[in-house]
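J.: One letter stands for each residue in the lines below.
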Amino acid sequence: MNGLFQHAPVLPVVIPLLAAFATPLVAKLGKTVRRTWVTTALVGTFAAVCLLLWRVLDSGIQVYVLGGKSSTLVLPSGMAFPVRILFEVDAISAFMAFSGSLVAVAVGLYSIHFLRESSALEKHDVLLLLLVAGMLGMELTGDAFNFFVFLEVASVASFALIAYQRKRPESIEAAFKYMVISTVGALFVLLAVGFLYGRYDALNFAALASWMELTTADKLALVLLVASLAMKSGAVPMHMWVPDAYGEAPASVTALLVSVSQASLYGLFRVVFTLYGLEMNVLVVGWIIIALGLLSMFVGVTMALRQHDIKRLMAYHAVSQSGYMFLGLGVGLAVLGDPVAFGAYGMKAMEGGIFHIINHAMYKGLLFLTAGAIFLRTGTEDLNEMGGLGHKMTFTTVCFIIGAAAISGLPPFNGFASKLLIYESVYLFNPILAIIAMVVSILTLASFVKVFQSAFLGPKPEGPQPIREVPVFMQVGMGVLAVVVVLFGLFPGAVLDYLVHPAAQALVNRAGYIVQVIGGGM
Amino acid sequence: MFEAPLLAAAGLIIIGLFAVLFKTNLIKIAIGVTLIESGVNLFLITTGYRKGAVAPIYTLAPEGQQMVLPTPQALTLTAIVIGFATTALLLSLAVALYKHHGTLDARKIRRLRG
Amino acid sequence: MLDTGSGFWSPLWWIAALGAAGLVVLIIRARGRSDYQKGTEQVKPFLSGQPEVEKQHVRASNVYWGFLEALKGYYRPLVQSHTGLINDYTTWFLGVLVLVGVLILGMGG
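Protein chains in written order, with the numbering used here: chain A, 1 to 522; chain B, 1001 to 1114; chain C, 2001 to 2109.
Please note that a few of the clues may not be correct.
[Stated by the list, open to error] Quick list of in silico lysine-lysine cross-link-like pairs, PhoX-like style, CA-CA up to 20 angstroms:
#1 A:Lys167 <-> A:Lys123
#2 B:Lys1023 <-> B:Lys1108
#3 A:Lys167 <-> B:Lys1108
#4 B:Lys1108 <-> B:Lys1028
#5 C:Lys2044 <-> A:Lys460
#6 B:Lys1099 <-> A:Lys167
For the record, the hints were derived by calculation from the structure and aren't laboratory data.
With these hints in hand, go ahead and build the complete structure from the sequences.
T.: Here is the structure:
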């Protein structure tokens, strides 16, 4: 049991990574064995993340040293800074990992039936597990270069999964375009890591943060990191890959891609809050992030209104919703240097933004899964050719209503709670920003009314294939996320106290993050 | 002399970016990505360079001789491996697109827009 | 119970209030018109000039046509900038990178 605790920070990456490479062997034993194996691995990953989350909330930041004689020896033989690769897990890392691995479990259950007729299922499972490993690695690592490596692991797995339906030229086109822009972005991240290494001869986030002097090279690194990670999280006007990639990947993969993009979002906030913090001009960087957020919210939702491909429409909403996270955390960053304003509304804005991250992962995952269910039964993603699905697909309809109400910020669902936090705190910062955020929310509702009307209402469909409810495991996958959406909506206070508030605290507590690695001798 | 590798790295990155920004042939875009990658790798290696130093092999270094930093070399090796994977996948996607459309022109293959 | 800084939000209270409001609605409905008869022409929705109401379904692309038409000036440049060309994607990315660079380096980051 002690060993389990000791290795808790690294287990969420080790389990999916090893399971991924064992999958082709396990697949030889038959379909059922393979499915059980993958599902068990994903559930095991989620359990490991839960254990880690409990450890972090219970006893503070967890540090894990890879490749050393002991996993707890951070500074061997009188070193001033860590030379080995570290995993450093604080509340925000564990929070992101919790959100991502929960979606992964739902996706794992869902894809048991969703891709049943496909030919390369064991390859899909390998890539899915690698995607989970890369996402969790980005969120748990405490090392700049290691972050780049996991970013690429997650990216390469997602390129291949986007091109999974390789008979469709559109899927390959989307994968190619995402691959070019994502690789260029990742190389810029690597360039920034090179700048930081050239300046400080260190790669550890905590060591870099403690020595940060903000020379020109550091500023260049900041520029590269902010722009690249904002692009990877789909901020307007660098969002154009999002509708392509989300629209063309299989629906189950898209649900997870939302969480993978959020890992880049986490990277962005780790960089600006922990690596640079108050060393830089937080007002300028804060306003850059707010501006990206406003553009994302507004352009995303207005572009979504005119779409008629259901997944492309939802993808534009993913862009729009990440704008809320940029807005909340950007406001928190902009007032970071002003203790009065930060106490009055900055902390609440950050809590709203972070709460919205997990809420968005849940309801957007749910919505993409319902889109997949519709695709499975109708064979199309074009809303113009749908109608009347509500007559037969009752469970999917209910799930869709829950997801759509949550994303539009209707009470009592979870989207309302986080949006309310953002509205009220941002209003104190700048009323115009809050008003734009509310208008975007109304347009979101309008656009999901359109989807509901086109897909689920209307006369009974008279297509060639009979419409019936989707298989049971797909229902379980959607059900898991729907239950979480409802529970988070009904008990937002508890979620805020136990998950969101510690995460926001961890993001602000730069000194605490540094001291855990460098020790008292800084 | 120390600036020469940095200038070469910057040149490679700029040429690569030029290809990615202005070339519409998918293979040339892939070449551009590879050039950016080589530039970044060269930059990484340069950060560990020390004038007159020897290769960082602990047991082989002569007494009192300075070694170049080993970490950037490890980083660059990792980055090269990652780059190999991305280049291979990028080119195979380009081949698949060519099979579907019979052209490598980025303007003619696009179906997803708006 | 969620403390939002300037107020609070409690979904359970909200549902209770919704239930109370629903009760009021039901009471008012129970005191409704006595000349309402089920199963007659009265129940059917009245749409002028539409003989076959049953089989009508507005397609997705026709929903919000008026909204999109009214905001044509906003939408045309926006849609045109979504070219779907990979070169334009990277151009936008590099443009933002340069802009962020000018802001951070120019304003004392």
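J.: Please go over all the hints and tell whether each is borne out by the structure.
T.: These are the hints, each one checked on the structure:
1. A threshold of 20 angstroms between alpha carbons decides the hint, and for lysine 167 of chain A with lysine 123 of chain A the separation of about 16 angstroms falls inside it, so the pair holds.
2. Restraint check for lysine 1023 of chain B and lysine 1108 of chain B: satisfied, since their Cα atoms lie roughly 13 angstroms apart, inside the 20 angstroms limit.
3. For the proposed pair lysine 167 of chain A and lysine 1108 of chain B, the alpha carbon gap of about 18 angstroms is at most 20 angstroms, so the pair holds.
4. Distance restraint check for lysine 1108 of chain B and lysine 1028 of chain B: the Cα-Cα separation of roughly 15 angstroms lies within the 20 angstroms cut-off, and the hinted pair is therefore satisfied.
5. For the proposed pair lysine 2044 of chain C and lysine 460 of chain A, the alpha carbon gap of about 19 angstroms is at most 20 angstroms, so the pair holds.
6. Restraint check: the Cα-Cα separation between lysine 1099 of chain B and lysine 167 of chain A comes to about 11 angstroms, which is no more than 20 angstroms; the hinted pair holds.
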